[in-house]
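Engineer: Each chain, letter by letter, is given below.
2 protein chains.
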Amino acid sequence: MRIGELSARTGVPTPTIKYYVREGLLSGGERISSNQVSYDEGHVRRLRLVRALVEIGSLPIAKVREVLSEVDSPDRDLGSRLGIVGAALSARQDQHEATAPADLDTAMAIAERNGWTRMTRDHHQIATLAEVVGTLRLLGLEELIDRADQYARAANLVAAADIAVLKARSDRDEVLETMIVGTVFGDALFGALRRIAQVETSALHFKQSDKRHGFADDR
Amino acid sequence: MRIGELSARTGVPTPTIKYYVREGLLSGGERISSNQVSYDEGHVRRLRLVRALVEIGSLPIAKVREVLSEVDSPDRDLGSRLGIVGAALSARQDQHEATAPADLDTAMAIAERNGWTRMTRDHHQIATLAEVVGTLRLLGLEELIDRADQYARAANLVAAADIAVLKARSDRDEVLETMIVGTVFGDALFGALRRIAQVETSALHFKQSDKRHGFADDR
Chain A
213 MRIGELSART GVPTPTIKYY VREGLLSGGE RISSNQVSYD EGHVRRLRLV RALVEIGSLP
273 IAKVREVLSE VDSPDRDLGS RLGIVGAALS ARQDQHEATA PADLDTAMAI AERNGWTRMT
333 RDHHQIATLA EVVGTLRLLG LEELIDRADQ YARAANLVAA ADIAVLKARS DRDEVLETMI
393 VGTVFGDALF GALRRIAQVE TSALHFKQSD KRHGFADDR
Chain B
213 MRIGELSART GVPTPTIKYY VREGLLSGGE RISSNQVSYD EGHVRRLRLV RALVEIGSLP
273 IAKVREVLSE VDSPDRDLGS RLGIVGAALS ARQDQHEATA PADLDTAMAI AERNGWTRMT
333 RDHHQIATLA EVVGTLRLLG LEELIDRADQ YARAANLVAA ADIAVLKARS DRDEVLETMI
393 VGTVFGDALF GALRRIAQVE TSALHFKQSD KRHGFADDR
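Chains as they are written, first to last, in the working numbering: chain A, 213 to 431; chain B, 213 to 431.
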């Protein structure tokens, strides 16, 4: 297909596609005449992946290149590749401050209370959780930390849905791509649903007579 | 307090504080001598709010200014102010493409199945959900749309926790600030927990004998 069709099928504008090719995130198409380049289904899949990482995941180009090189290492163990990709997709990757021991304690306590037995103090996902906990403390939002178990139950529900989607894929590369795209867009899906649930729950808890509180319905 | 203490208490570097003052996101401190400016608790609170919006919410400066002007309009109805702020915090605010009717249908069907009776086709949160649905379709992730109800149940759990935190606040301005910061950092908290739950759920579903699938534990 020509670049225009590639653009239409992925929703990525033509100049952006050319930029990704220049940056090495997407291989160039096959030149079939002096003024025509042809792209295939592989380009469609790769472009959707790049778009997920750059636009929704907000990953810097260098990080995207790192993730893609894992996707492109078929000889390596899929487990370790998934792990590297998962780490790259973790929230607050840009922060590398020392994590406070008290925040690590809280993160581990949340994991233990929820039966997450694979987590240890040196797991990078626990570090990410501890950083969020530390930020919430700094912001005076301890109540949200106290309610983390309710968030954790919700996270288990969502993870079960994610795994079901993953299990439906058989091809190794497809599993990795689905995991990446699913993680990034799953966050977007959950965010949209959470905001609707806030409006609805708020309306139930704070009746018309008490309009001072709650997440508003501004229509 | 001096700017150094303000920086320590909020985690915002001094040059960034000065930048926020220049951009009008934070009022300047009180000049108490020729070379000293003093900041108070109001600055601490405002700075935490700005940081949440800029750094975690990734809102552009102009949008932050808009949100803050709502926070600073005490005479207006809190309900409508919360709504304007909620819209600003919605995902994919930068997208203003026409939403496909089929995606709106799907978004409304999800809302109806989950008893979210306040949602209508022209609600901006439904538009956001429809955009996510459209992107998932484009990416070939229809299975995730099929599992949206499970995500929705999780969203209800989280929203209930959010409302409980909000109900604990009595001051009007505090409610608005808590809603903003809670929405932004609640996403970060949920994201961190979701990634842990993926690792754990994956380990349960895909045993050692089948290491080809799942969200990896790369430690």
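Calculated directly from the structure, the hints in this document are not laboratory data. There could be a bad hint or two in this list.
Identical chains blur together in the list; that is why a pair holds if it fits in one copy or across any two.
As the list claims (entries may be wrong) - Calculated pairs, DMTMM-like style, for lysine to aspartate or glutamate (alpha carbon to alpha carbon, straight line, at most 25 Å): (1) K379 / E355; (2) K379 / D358; (3) K230 / E324; (4) K379 / E354; (5) K275 / D361; (6) K275 / E235; (7) K230 / E242; (8) K275 / E217; (9) K379 / E282; (10) K275 / D317; (11) K230 / E253; (12) K379 / D334; (13) K230 / D383; (14) K230 / D317; (15) K230 / E354.
What you are looking at is a predicted structure, and each value in this text was computed from that prediction instead of being measured.
Engineer: Determine for every hint whether it applies to the structure shown.
Structural biologist: Status of each hint after checking the structure:
1. With identical chains, the CA atoms of K379 and E355 are at most 25 Å apart between copies only, with a shortest distance of 11 Å across copies and 36 Å within one.
2. For the homomeric pair K379 and D358, the shortest alpha-carbon distance between copies (14 Å) is at most 25 Å, but the shortest distance inside one copy (33 Å) is not.
3. Neither within a single protomer nor between protomers do K230 and E324 lie at most 25 Å apart by alpha-carbon distance, with minima of 48 Å and 42 Å respectively.
4. Proximity of K379 and E354 under a CA criterion of 25 Å is satisfied inter-copy only: 14 Å between copies versus 37 Å inside one chain copy.
5. In this assembly of identical chains, the alpha carbons of K275 and D361 never lie at most 25 Å apart, being 31 Å within a copy and 32 Å across copies at closest.
6. Taking CA atoms no more than 25 Å apart as the test, K275 paired with E235 passes inside one copy only; the shortest distance there is 12 Å, against 30 Å between copies.
7. Taking the closest pair of Cα atoms, K230 and E242 come within 25 Å of each other only inside a single copy of the chain (14 Å); across copies the shortest separation is 51 Å, beyond that limit.
8. For the homomeric pair K275 and E217, neither the shortest alpha-carbon distance inside one copy (28 Å) nor that between copies (34 Å) is at most 25 Å.
9. In this homomeric assembly, K379 and E282 come within 25 Å of each other (Cα to Cα) only inside a single copy, at 20 Å, whereas the closest approach across copies is 46 Å.
10. Proximity of K275 to D317 under the C-alpha cut-off of 25 Å is found in neither arrangement, the shortest distances being 29 Å within a copy and 36 Å between copies.
11. Taking CA atoms no more than 25 Å apart as the test, K230 paired with E253 passes inside one copy only; the shortest distance there is 17 Å, against 50 Å between copies.
12. In the homo-oligomer, the alpha carbons of K379 and D334 never lie at most 25 Å apart, since the shortest distance is 28 Å inside one protomer and 36 Å across protomers.
13. Taking the closest pair of Cα atoms, K230 and D383 never come within 25 Å of each other, the shortest separation being 28 Å inside a single copy and 52 Å across copies.
14. In the homo-oligomer, the alpha carbons of K230 and D317 never lie at most 25 Å apart, since the shortest distance is 47 Å inside one protomer and 34 Å across protomers.
15. Taking the shortest Cα distances, K230 and E354 never come within 25 Å of each other, neither inside one copy (47 Å) nor across copies (28 Å).
In summary, the structure is inconsistent with hints 3, 5, 8, 10, 12, 13, 14, 15 from the numbered list given earlier, while agreeing with the others.
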